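Required output: the full structure, derived from the provided sequences and hints.
Number of protein chains: 2
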Amino acid sequence: MGKSLEYSTIEELSKLLSSLEISTKELALHLLDRSEKLDPDLNVWVTMNPNLEIETYSQGNTSQLAGIPMGIKDIYCTRDMKTTCCSPIYEKYEPGYDAQTVKMLRDAKAVIMGKTVTTQFACGDPPPTKNPWNLSRTPGGSSSGSAVGVASGMFPAALGSQTAGSVLRPASYNGVVGFKPTYGLVSRQGVFPVALSLDTMGWFTRSVKDAAILLRYLSGYDAEDKDSVKVDTKSYISNTEPISRPPYIGIVEDFYYENSDRSTMKTFALLLAKLSKAGAIIETANTQLDFDSILKSHRVIMNCEAANTHKDNYEIRPDDFAPRVKEIIENGLNTPAHTYIQSKHFQQNYTRQVSKLSKKYDALIMPTSLSAAPTTETTGEPIFQAPWTMAGVPAISLPYELDDDGMPLGVQIISNHFNELNLLSTSMWIESVVNFTHKPPLI
Amino acid sequence: MGKSLEYSTIEELSKLLSSLEISTKELALHLLDRSEKLDPDLNVWVTMNPNLEIETYSQGNTSQLAGIPMGIKDIYCTRDMKTTCCSPIYEKYEPGYDAQTVKMLRDAKAVIMGKTVTTQFACGDPPPTKNPWNLSRTPGGSSSGSAVGVASGMFPAALGSQTAGSVLRPASYNGVVGFKPTYGLVSRQGVFPVALSLDTMGWFTRSVKDAAILLRYLSGYDAEDKDSVKVDTKSYISNTEPISRPPYIGIVEDFYYENSDRSTMKTFALLLAKLSKAGAIIETANTQLDFDSILKSHRVIMNCEAANTHKDNYEIRPDDFAPRVKEIIENGLNTPAHTYIQSKHFQQNYTRQVSKLSKKYDALIMPTSLSAAPTTETTGEPIFQAPWTMAGVPAISLPYELDDDGMPLGVQIISNHFNELNLLSTSMWIESVVNFTHKPPLI
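So the protein lines, in turn, are chains A and B.
Residue 279 in my numbering sits at position 279 of the first sequence, with consecutive numbering throughout.
Residue 183 in my numbering sits at position 183 of the second sequence, with consecutive numbering throughout.
Worth flagging that the hints you see were computed from the coordinates, not collected in a lab.
From a predicted model like this one, the values you see are computed outputs, not experimental measurements.
Wrong hints could be hidden among the right ones.
[As the list claims (entries may be wrong)] Once the Cα atoms are required to be at most 16 Å apart in a straight line, the calculated EDC-like pairs of lysine to aspartate or glutamate come out as:
1. B:K103 - B:D222
2. B:K25 - B:E53
3. B:K25 - B:E6
4. B:K356 - A:E224
5. A:K439 - A:E6
6. A:K356 - B:E224
[Unchecked claim] If you want the ones that stay clear, here's a sample from chain B, every Cβ over 10 Å from chain A, calculated:
7. E53
8. R216
9. E401
Beta carbons are placed, not taken as given, at the ideal position from N, Cα and C, and that holds for glycine.
Below, the structure written as structure tokens:
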């Protein structure tokens with residue numbers, strides 16, 4: 001094996017498993033062992049799958065996910081484990097059924113290793129999880145455990161979710177790939193909501209190819225998700241390859257350049273030079289987007305819908321909510337309907353603007369976050385990721401370099417709705433140019 | 001001519017015009033003359049088209065609407081007339097452009113006779129318009145002038161709009177055909193909104209065939225209407241004919257039977273017998289719909305969105321709003337966002353229920369309104385029409401009989417989303433069975 005099992009991709013592991021070079025049990029126990037060693041420092045897990053050893057024997061070989069161990073954010077319902085949302089209110093909750101995406105993973109014979117730490121109710125309160133690159137830095141939120149598990153070699157892939165920036169930001173902070181598909185492309189059935197106009201399922205992997213593999217297994221219409229969209233998903237993501245011509249890339253400078261820290265700015269400029277040298281056609285995108293209004297509307301929609309989600313529990317047990325969740329609910333409860341309606345209309349118009357803008361390019365790029373991971377009293381700012389969640393366009397973050405403190409930085413890449421093909425193939429091209437091979441300083 | 005010009009259908013007039021038996025000018029002046037005689041009693045008009053005589057000369061003959069005079073509810077913007085919404089705030093408003101649907105009518109060479117009375121801002125305050133069947137009865141609202149103009153022989157067709165029951169109720173009260181297509185099928189660009197989740201353009205005609213003809217000219221995607229839907233509209237409504245086999249009809253009894261007055265119940269039962277005798281397969285539809293919650297959610301959505309529509313004007317000129325509009329705005333302003341969000345979720349689930357229910361039948365039928373037109377201190381109750389507006393399914397009302405007081409009663413017919421073909425062909429079949437030929441007791 002050229003690479004250690006703990007840092008292999010789905011693609012690599014799948015080959016080892018199907019050629020019988022390793023067994024599913026061997027792989028699972030190896031990763032379990034690593035988990036047990038690292039978890040006391042990193043706090044990735046909420047619940048480990050009690051049936052893991054049994055499951056590892058049930059290998060199938062028709063699926064690329066057969067025998068692949070995965071972490072699942074603890075807001076996804078699971079038939080055989082608790083789903084706590086890392087909240088005292090749900091600490092004993094056993095839904096007894098699988099979220100649609102978990103079911104799809106099991107159908108593809110993936111091995112569900114267990115449930116990973118989420119910030120409380122997938123909002124902004126800091127989690128116990130630590131950043132494997134530097135334990136004094138935040139792993140980001142809200143999909144903290146899923147991101148850190150992939151970054152630290154506990155599992156090759158994990159499910160998360162994004163309402164503002166909860167997949168792409170932790171991906172960026174932890175040096176892994178974070179992907180969020182087009183709104184409506186992947187079912188949210190069985191996942192505890194934050195705000196249904198925004199919530200998008202997503203995942204962490206070690207390569208763009210792996211993100212594409214998961215999309216193939218997880219996308220598709222689901223009548224149980226009220227915003228699920230009927231589109232043909234199988235054809236355009238079946239076998240993603242790097243784009244075969246130099247990609248045409250637009251840079252989103254407005255707002256992003258003025259809010260990035262110096263280290264990010266400097267490193268991002270070098271990235272652009274590198275991409276350009278490799279043949280990419282790069283130009284400044286004339287976005288004409290009003291980012292202040294975008295973020296304000298995003299916040300209104302999130303607060304109001306989260307208030308609706310939590311209202312009944314909040315009335316009975318207000319003190320069991322963490323401060324940031326509480327603030328969101330309170331703000332939401334105090335917002336009049338017409339303010340919410342205005343924000344929804346804004347979202348609709350803005351979504352069209354983004355669609356029009358992104359149509360021009362193979363992809364738009366910008367830094368994923370303002371800076372590398374900040375310290376642990378926060379999960380970091382979601383303002384760089386939220387605009388694309390709100391527009392519902394697919395987005396991916398790739399690690400591309402370390403900053404002066406040795407912390408990973410991510411580049412965010414977006415494309416038009418349901419244009420995952422271009423997004424992924426352009427991202428694969430960028431990935432091959434940046435060739436990020438750094439690993440966190442762990443055992 | 002077998003029929004007087006004033007009670008001819010579009011179909012009949014189009015034949016007369018294209019065979020040159022009458023000229024567009026002759027027709028327009030004839031109807032103008034009738035308008036001038038009747039309007040002092042009926043109050044149909046807000047503004048007559050000052051260019052009418054010029055327009056009547058611009059006859060084309062490629063369109064079935066060429067030379068057909070039409071009334072336009074005074075919330076549709078028009079390039080050459082005021083658009084007042086019958087509100088003191090807009091009494092001098094000259095938009096200078098045509099609503100998309102008005103533009104489409106002009107492109108089809110229809111003659112825009114003028115702007116018809118709406119209740120203030122298309123809400124529930126009684127209008128000055130009178131019911132031609134009995135001047136002491138309401139014409140219904142909000143598209144009062146458009147309905148009465150068609151009923152009294154001033155023009156063969158007119159545009160209205162429906163947020164609760166503002167097309168089908170006045171159609172029923174005045175003994176004409178009222179039609180509202182699937183939500184998203186006809187552009188609302190340039191029409192003053194009430195509540196954008198509910199507002200649907202619609203029209204009044206003297207036959208189902210005429211409703212279908214207008215649909216052919218007025219349907220289609222419009223990027224300027226945020227809820228416009230991309231569907232192929234031309235194929236399935238090009239040449240609607242009565243359904244060629246006995247239609248399979250579901251009766252919606254729940255809620256409708258318990259709220260209809262005795263005269264409506266009695267007459268509706270005779271209608272069912274008549275349809276059954278003519279060959280229709282009729283059964284009770286098992287709706288399992290919670291009409292109380294439907295109407296409550298409808299009200300919340302309407303109030304909140306109307307508050308958003310009017311908020312800026314209301315802050316400056318509260319006293320220029322009529323009592324019913326005021327009440328809607330006040331209720332809306334005082335509704336928290338989470339209540340609105342719940343109603344929107346309810347609407348989504350309910351819409352799926354209706355879609356599933358209506359799929360089983362060629363059409364569902366029920367009385368259009370609780371009773372014939374009540375007296376003029378009200379525009380009548382919209383509770384029989386609002387459920388289908390909220391579900392976004394196409395709906396039509398046909399006059400089928402007079403009640404004991406000689407007032408017309410309507411049957412409401414609905415079908416599944418974008419299933420206008422079945423709705424219209426089933427309605428044509430019903431129309432031919434009921435053969436309603438009564439006319440209001442006018443000159």
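In rising order, the numbers of the hints this structure does not comply with
Hints that this structure does not satisfy do not exist here, as all of them hold.
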